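> Sequence:
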Amino acid sequence: MDGSLVKWIVALAALLEIMIHLAEWRFLQGLPESIPPETGRFLSNPFVWRRSVCLARGKTAIRLGITSSLYALVLYVLFTPLLEKTGAWALAVMGSHAGAGVLMGALSALAAWCVVLPWSWARVFLVERDRPSTLGDARRFWYDQSLYLLLAATLSAGALGGAVFLSEAAGGFLGIYVALVFAEFLLVWLFPVFLLPVFFRVKDFPEGALKEKLLEIFRSAGLTPLKLQVVDTSQKPMPPNAMLSGLGRARRFLLVDSLLKSKSEEEVVAILAHEVGHWKKGHQTQRFFMAVFLQAVLVAVIWVLSGIGPR
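If you count by this note's numbering, then the sequence shown holds residues -11 to 299, one letter each, in order.
Source of the hints: derived by calculation from the structure; they are not laboratory data.
On a predicted model such as this, the values are computed, not experimentally measured, just so you know.
Take these hints with a grain of salt, some might be off.
[As the list claims (entries may be wrong)] Simulated DEER-style distance windows between Cβ atoms:
id: 1; residue 1: Ser208; residue 2: Asp132; range: 33 to 39 Å
id: 2; residue 1: Ser208; residue 2: Ala171; range: 34 to 40 Å
id: 3; residue 1: Trp109; residue 2: Glu72; range: 31 to 37 Å
id: 4; residue 1: Lys191; residue 2: Ile6; range: 20 to 26 Å
By construction, the Cβ of each residue, glycine as well, lies at the ideal position given by its N, Cα and C atoms.
Work out the full structure: start from the sequences and follow the hints.
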């Protein structure tokens, strides 16, 4: 594959993903100030509706900023000699292709962390400033960011070093790509069932009127209700959040207990309705296959331009 073609494929991928975020932003900007009729039976407080919409707009703006910044970094690396020079330097320092992959993976994680850091600060202290104080202070922020950098660098170094080793053992691009896609499916499937419970206690959502309201949202959208679970953060902090996670029968809806404590019942209903809307419109599926496509681009970029793996 010609190196210039890879660069333009990445540029096209950047444009497509940014357009997706802009479409989300346009949708949120078009939401009415008053509660829509189809939402009125779940939500009656107009203040809660407006605050939920503002929060969704703020988070979308942050995601757009992160995506744009990361792609700007990637495109700068691709359209300058930086990647090839850094790859040659890493190979000289480490003495092997796999070792150079480990070093390049760690450096990539560090560069991405630096680019995303301002947006992470804005998300915590501007968009989510009404979070519980134990999660919103500067000390907690820097602790979380340091931990994230350590984990990202470790995973990135291991993944890239392993990919280069696999390319030498298995013979190239296809072996790496198949391994990455398999790992992606495996991680998405394992996360809510095996990985999350390793770090947090997960329990079933308590029975009651709120649970019935949440399940009714699924039914009103024409979807089979998912298993509702609560993530217990009493021993380890986690930002208030709600998410759809998993694949197939392992798919479930997770709510962090700090969200239930810091938001009113109507706000929790509004947040779940927002996430169900993403599921109904297929946003999670679109993002997953976009990630699979971008993995192919990433492997091709490393293969063609860096000089780490065999040509």
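> Now tell me if each hint is right for this structure.
Structure-based check of all given hints:
no., hint, verdict
1, Ser208 with Asp132: 33 to 39 Å, "36 Å, holds"
2, Ser208 with Ala171: 34 to 40 Å, "36 Å, holds"
3, Trp109 with Glu72: 31 to 37 Å, "33 Å, holds"
4, Lys191 with Ile6: 20 to 26 Å, "38 Å, violated"
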